[in-house]
Amino acid sequence: MKINDVILQTVTKIVVFIILTMAVYLFVSGHNSPGGGFIGGLVLASALVLLFLAFDTETIMKRIPLDFKMVAAVGAFIAVATGAASLFLDIPFLSHAYSYFNLPVFGKTGLATVTIFELGVALGVVGVVVTIILSISEDV
Amino acid sequence: MLSVNLAILIPFLAAILVPFLYAKVSRKHIGWFVLIVPIVLFVSLARYIPSVAGGETYLSTIAWIPSYGIHFTTYLDGLSIIFGLLITGIGSLVIIYSIYYLSAEESLGHFYIYLLLFMGAMLGVVFSDNLMVFYAFWELTSISSFLLIAFWYHRKRSRYGAKKALLTTVTGGIAMLTSFIMIYVMTGTMSIREIISTIDYGHALFIPAMLLLLLGAFTKSAQFPFHIWLPDAMEAPTPISAYLHSATMVKAGIYLVARFTPIFGSHESWFWLVSSVGIITLFWGSFNAVRQTDLKALLAYSTISQLGLIMTLFGIGSAALSMGAGEETVIYTQATFAALFHLVNHSTFKGALFMVIGIVNHGAGTRDIRRLGGLMSLMPISFTIALIGSFSMAGLPPFNGFLSKEMFFQAVVSVSQSGIFSLHVSKVLFPVVAWVGSVFTFIYCMIIVFKTFLGPYQPEKLDHEAHEAPAGMLISPIILAVLVVGIFFFPNVLGDYLLRPAMASILPSIELEGMIEPISAWHGFNPALWMTLGVIAVGTLMYLSIRRWKGIYSLLPENWTLDNLYNNSLIQMEKISNRITSFYMTGYLRSYSIYIFLFFIAAVGGTLLFTGAYAFDFAGDAPISVYEIVLVLVMVAAALAIPLAKSRVNAILLNGALGYSMALFFVVFRAPDLALTQLVVETVSTALFLLCFYFLPKWKKEETPRRTKRTNLVISIAVGIIFVLVALSVRGGKLFDTISGYFENAYELAGGKNIVNAILGDFRAFDTMLEVIVLFIGGLSVYTLIKLKSTKEEQNLEDQ
Chain A
19 MKINDVILQT VTKIVVFIIL TMAVYLFVSG HNSPGGGFIG GLVLASALVL LFLAFDTETI
79 MKRIPLDFKM VAAVGAFIAV ATGAASLFLD IPFLSHAYSY FNLPVFGKTG LATVTIFELG
139 VALGVVGVVV TIILSISEDV
Chain B
-7 MLSVNLAILI PFLAAILVPF LYAKVSRKHI GWFVLIVPIV LFVSLARYIP SVAGGETYLS
53 TIAWIPSYGI HFTTYLDGLS IIFGLLITGI GSLVIIYSIY YLSAEESLGH FYIYLLLFMG
113 AMLGVVFSDN LMVFYAFWEL TSISSFLLIA FWYHRKRSRY GAKKALLTTV TGGIAMLTSF
173 IMIYVMTGTM SIREIISTID YGHALFIPAM LLLLLGAFTK SAQFPFHIWL PDAMEAPTPI
233 SAYLHSATMV KAGIYLVARF TPIFGSHESW FWLVSSVGII TLFWGSFNAV RQTDLKALLA
293 YSTISQLGLI MTLFGIGSAA LSMGAGEETV IYTQATFAAL FHLVNHSTFK GALFMVIGIV
353 NHGAGTRDIR RLGGLMSLMP ISFTIALIGS FSMAGLPPFN GFLSKEMFFQ AVVSVSQSGI
413 FSLHVSKVLF PVVAWVGSVF TFIYCMIIVF KTFLGPYQPE KLDHEAHEAP AGMLISPIIL
473 AVLVVGIFFF PNVLGDYLLR PAMASILPSI ELEGMIEPIS AWHGFNPALW MTLGVIAVGT
533 LMYLSIRRWK GIYSLLPENW TLDNLYNNSL IQMEKISNRI TSFYMTGYLR SYSIYIFLFF
593 IAAVGGTLLF TGAYAFDFAG DAPISVYEIV LVLVMVAAAL AIPLAKSRVN AILLNGALGY
653 SMALFFVVFR APDLALTQLV VETVSTALFL LCFYFLPKWK KEETPRRTKR TNLVISIAVG
713 IIFVLVALSV RGGKLFDTIS GYFENAYELA GGKNIVNAIL GDFRAFDTML EVIVLFIGGL
773 SVYTLIKLKS TKEEQNLEDQ
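First to last, the protein sequences are chains A and B. One point on numbering: in my numbering, the residue at position 95 of the first sequence is 113, and numbering is uninterrupted. One point on numbering: in my numbering, the residue at position 779 of the second sequence is 771, and numbering is uninterrupted.
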């Protein structure tokens, strides 16, 4: 039996963008207000989960041809590599630095190396969540 | 000069580059690129020799985990530079040899990656000053040698040998780790140099730490009774055997003994353990080598025996520390000197011999001495190298083995004449065992040369016509053979520049000036020379009459070997663990939950009860508002409704309701970060639950007996009570420092206004990093569990 889920699909198409924007916002604002890599990643993953629920996995995987195991691996690698990077500067493992820069559009912006670390966390979370959900749903 | 820390890391960095090279460069030439690494390292280490010989040492530190005193500290002194030079020097020769030995069809990329990993790990072992870093590199040598031994992993014997080596050496490694922790408890430092000055001989942990440390050394260096892994490790390709088993890995145990002699050496039991285990190994290894028919197995036993010899010398040498400055100290310092000397000599002649055996195998197609013979005229260069290597090992002039062998005899004779440690009781034991072991050494050395290269040539027993190896394959063994002869004629160059500086590291408290005479080939008619002459005479007679007395080997019962013990204990272990596992792995989720909960009740409840940790204090609590009461009521209602739900979807949704109420709690308590996380996690996990449960059979009312129900009820209530108790007492307990202190300077130090993230990403980033990795591993495990289920047929294939 084919389930008619027009409403779910239509709503999803719009909502996913809102969620994704939210995810990016959460990720970027993490340093000073609620948010951060873990939550940003989770929200992003939940947008993907919603897509998988509304459409079937094959369609989505065709549009987003990412190997999510690789995404998770890249995330874990980035998280470790940011730590290792400080070793080359002869400072303790996982030391972070931050500073303020004047960027063309954003004005005075604080940039911190933590963001790279958090990017690793976010990618790790997205990769793992989607990998788990995909493998369970495909296992019949 | 190249920093030593960097030198250790170079092989690892090169190992990362190999796959890229593998894609670009033709397979044949990859070895030449890899060869650059050990040569560069050798040259840069060699540049330290003059200053180290002048008494200089080099220490450099990179902070790693400062809070635990774990630093990547390297220490370059006389002892470590010898090993460093052997690792890189023999490493270079082995790589040259392997370029010609391995055919281009082999997976050369893997081979060189493992080899570089191993080289880096070995360098790490010998240069580390920090116990934990030392241990990490130590285990990395076990793992990389496992990969190397199992290089031809499609062979069952290779896998068996690799597993045996790994099990033995890692067991020893863990014992060593325990010992390191004890040492840390005793001294409060991880630095080996600092331990030397702060160790307390009277401490209760001193003896246990020493025993565990020696266990690590003996397993790694294949000392009796842990030697059984070494012959099986011969399944590795010959360049690997030459590298791992002549020059480097098996010597790590020797290095460990030498390095820790200043710490433990002045104790009587150290002397006894090291020297007696060494001498037993010397005898047992040489005795068993004679019966081998496979040349490589013969060499494996000979390595065991030679390592025993070096071990004995280090054991005898350690007595110098407890004797202090005195007349007798000379004996022991000379023993240590002989140990170092023989260590270098052994690397040269054994490396050459392994390579020659590889050439014989290559040229004649077999290593079985029953099929070989008469190769002298066909393989003249190999014959010459084998002759030099074997005669050196047998302790004959004019080869370097003669010099160190004489010093060994001298040491065992003089130690038995001295009155230390009530040694006069067994006055003759050391010299006699050493002498008998040397006779057998002489016999197997003759077997290597004469059975392989002399006698009748039997082409009908060989797969193909025997031929000399290509010139490239001969380069490395020729260099080693030249060294064997060269060291005999100029031993004092080696002695002055490498061995003497190393003495200062092993025996730091001894004034070494004038203790050690220059090495000389002629040392008068002393006991050592008479012993050598006796070895030659008796050895020749026994070699000629080998058929007459070979029967003694069959006197030992077939089943009573250590190998059998190892195999049987593996089988028994598997059986027992199978039985235990099938006892609790019932296949019912219900039983698993019960085990987990019962354990939880016992462990956590018991701890709470016995430590009296349940202290409640409601005095400072904030007033409870209406929202909170409402939320609690909602949660209670949802929780109670779950067991009564009629369908799975309802149960999942009710569970979700619990989670969302929790998120609302966070909102009420103004913890937006937690609320956000909780909301998203709840959403995703509800979706996951729905997915999983979709595949389960229809929900039906279970007919469980009343008694089971009652037990379940009791367990669940107990779990609930303990959780509440824990939650209440957590606020009272102050076991750990609170992390909320970080918020005070989060903005100044990390530049973030969000203190939660500042803590997660900056102050406690190590935790977060590990969490990401755990998450990643968890995701991968789910994936492998579900996706890579092998079918029955595939399983059958794997078993072969």
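Hint data in this document are derived by calculation from the structure and do not stem from the laboratory. Misleading hints may appear alongside valid ones.
Stated by the list, open to error - List time: in silico DSSO-like cross-link candidates among lysine-lysine, alpha-carbon distance up to 30 Å:
hint	chain 1	residue 1	chain 2	residue 2
1	B	K779	A	K80
2	B	K148	B	K453
3	A	K87	B	K453
4	A	K87	B	K779
Query - Hinted pair B:K779 and A:K80, Cα distance within 30 Å - result: Roughly 19 Å separates the two Cα atoms, so the pair holds.
Query raised in the report: Straight-line Cα separation of B:K148 and B:K453 no greater than 30 Å?
Result: holds (25 Å)
Query raised in the report: Going straight from one Cα to the other, do A:K87 and B:K779 come out at no more than 30 Å?
Result: holds (12 Å)
Query raised in the report: Between A:K87 and B:K453, is the straight-line Cα distance small enough, at 30 Å or below?
Result: violated (55 Å)
Checked against the numbered hints given earlier, the structure breaks only hint 3 and satisfies all the rest.
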